[in-house]
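Chemist: One-letter residues, chain by chain:
2 protein chains.
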Amino acid sequence: MNRSEIEAGYRALQSSFAAAIEGFDGEAAFVPDVWARPGGGGGETRILSGGRHIEKAAVNFSAVWGATPERLTESVAAGDSFYVSGVSIIVHPANPHAPTFHANLRYFESTSADGTGSAWFGGGADLTPYYLYEDDAIHFHGVLRAVCDRHAVADHAAWKQECDRYFYLPHRGEARGIGGLFFDHLTGQLDEVWSFQQDLGSRLIEAYLPILERRVTVAYGGAERRWHEVRRGRYVEFNLVWDRGTKFGLDTGGRTESILGSLPPRARWVYGHEPVPGSPEAALLEVLRAAPRPWQ
Amino acid sequence: MNRSEIEAGYRALQSSFAAAIEGFDGEAAFVPDVWARPGGGGGETRILSGGRHIEKAAVNFSAVWGATPERLTESVAAGDSFYVSGVSIIVHPANPHAPTFHANLRYFESTSADGTGSAWFGGGADLTPYYLYEDDAIHFHGVLRAVCDRHAVADHAAWKQECDRYFYLPHRGEARGIGGLFFDHLTGQLDEVWSFQQDLGSRLIEAYLPILERRVTVAYGGAERRWHEVRRGRYVEFNLVWDRGTKFGLDTGGRTESILGSLPPRARWVYGHEPVPGSPEAALLEVLRAAPRPWQ
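Chains as they are written, first to last, in this note's numbering: chain A, 1 to 296; chain B, 297 to 592.
If you're looking for bench data, these hints aren't it; they were derived computationally from the structure. Please note that a few of the clues may not be correct.
[To be verified] With the Cβ distance kept under 8 Å, some of the chain B side facing chain A (calculated, not the full set): (1) Ile343; (2) His467; (3) Arg468; (4) Leu536.
Built from N, CA and C at the ideal position, the CB exists for glycine as well.
Between the sequences and the hints, there should be enough to build the whole structure, so can you do that?
Modeler: In structure tokens form, the structure reads like this:
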């Protein structure tokens with residue numbers, strides 16, 4: 001593997017995922033926005049909004065490089081440089097019964113002035129439902145587990161746990177969603193990790209689309225919509241307060257519109273909001289506040 | 297001045313400001329929520345929502361104390377303790393032509409295990425319009441300037457500048473609003489600063505209510521409402537990404553619902569949103585992106 005092979009792979013995933021979402025929606029299309037980074041590199045942000053089923057989605061590719069920003073690491077020296085490429089995907093369906101989907105695959109290289117360096121992969125995929133459907137959670141985790149089981153470099157148990165740990169809102173005592181996979185700083189066996197990433201990328205649609213298909217037709221009204229917006233407020237809180245990538249991007253002068261392309265189209269804050277005990281909304285919240293489940 | 301005098305003053309401001317807002321709205325009332333802090337102290341959060349003119353408002357009083365949390369300062373030692381009391385006010389009107397108002401007055405004490413310690417005041421008030429009315433900005437700053445001019449301890453020029461510096465979104469290259477006053481760590485002449493704070497508190501209604509009165513009757517439609525929500529998204533971004541008080545509160549296990557009571561009721565994110573050149577929306581944005589104006 002090398003940079004151009006990885007970039008081509010990420011671009012291909014961007015296109016195939018976008019095509020699948022457009023095909024599913026049947027109405028709205030992704031609008032591309034190609035951008036260049038003054039310090040080196042650039043990317044292509046593609047946004048779909050106001051679809052029949054998909055209220056907002058973003059599939060973003062980027063490959064940027066240059067002198068390592070001082071805030072990237074604690075021990076940056078003159079002459080240090082970095083390269084990072086990645087693809088990130090977020091889908092916010094309009095129907096509150098259909099969960100939000102998020103995935104990210106990324107590759108880093110860090111090079112010192114003396115020529116030594118290191119490279120690593122990171123990534124993951126996770127699901128944020130607004131109503132709990134156990135079979136959706138089981139299906140989603142099942143696809144991710146099956147991908148991991150095909151690759152010796154993948155550690156499903158550890159990465160599922162890491163995902164539950166990462167997508168957690170300490171100030172709410174709540175998980176963001178029902179988890180998935182999260183891995184980072186995989187420095188060894190890079191060819192094998194790259195094979196795993198490609199396999200994972202190719203299965204994302206299989207992990208998500210069947211869930212979308214069966215939930216976008218569930219009837220809902222104003223109360224469900226309101227709950228949807230309150231929960232999307234939590235999504236905003238996670239991304240803006242706790243997400244390392246968002247913080248790092250905004251701190252180091254990343255491209256704001258691409259970074260915040262993941263935010264939901266609408267959100268709502270209601271003081272002291274608690275669902276009615278015994279309601280479907282309360283059932284979701286109980287799961288998000290409890291110890292993560294295996295979903296198998 | 298002493299703790300109980302300050303607490304009584306903050307509570308009185310909470311009540312008088314809430315009464316003025318209720319009187320103005322004419323329909324909705326603040327709902328009190330009294331809470332206790334496990335480690336010492338507590339507060340009273342009062343929230344108004346769904347009013348005729350005021351979509352959401354919060355007037356919060358708190359006085360909390362205890363062992364200094366490790367994250368409060370970089371050099372915390374066993375036996376260190378803190379005390380902090382404050383009142384914070386936020387008003388989000390429903391009409392996009394009426395600006396959001398925010399004010400905060402606070403008093404800190406920090407005591408070391410050996411008995412030495414320090415005390416200081418902080419606070420300020422600022423305005424976040426969604427449409428620019430120059431006379432509103434001039435009136436608001438005029439009232440704040442007049443308060444400062446009556447007190448030798450107050451430095452209007454410096455504190456206005458500090459406000460512009462503080463309420464700024466680097467990732468957007470935009471000010472949050474048209475500023476006001478911001479001061480912090482005032483450690484000297486505490487009696488005089490307390491007199492100033494009381495005077496400032498008593499003028500907040502005079503600074504804001506006339507603006508509310510003349511803007512809540514301006515006609516608006518869906519386009520203005522949408523712009524309102526997009527700009528409120530920026531308000532969320534500032535509070536969750538950059539505001540030191542919010543960050544500190546969420547990091548140290550503060551009361552989440554009180555801390556996030558300042559968030560707007562509804563917000564919206566639209567990729568790459570830019571107002572039509574020459575429009576009133578563009579006029580506001582130009583001001584927020586330019587060097588701060590004196591407003592006098």
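Chemist: Any hints from earlier that this structure breaks? Give me their numbers in increasing order, please.
Modeler: The structure conflicts with no hint, since it agrees with every one listed earlier.
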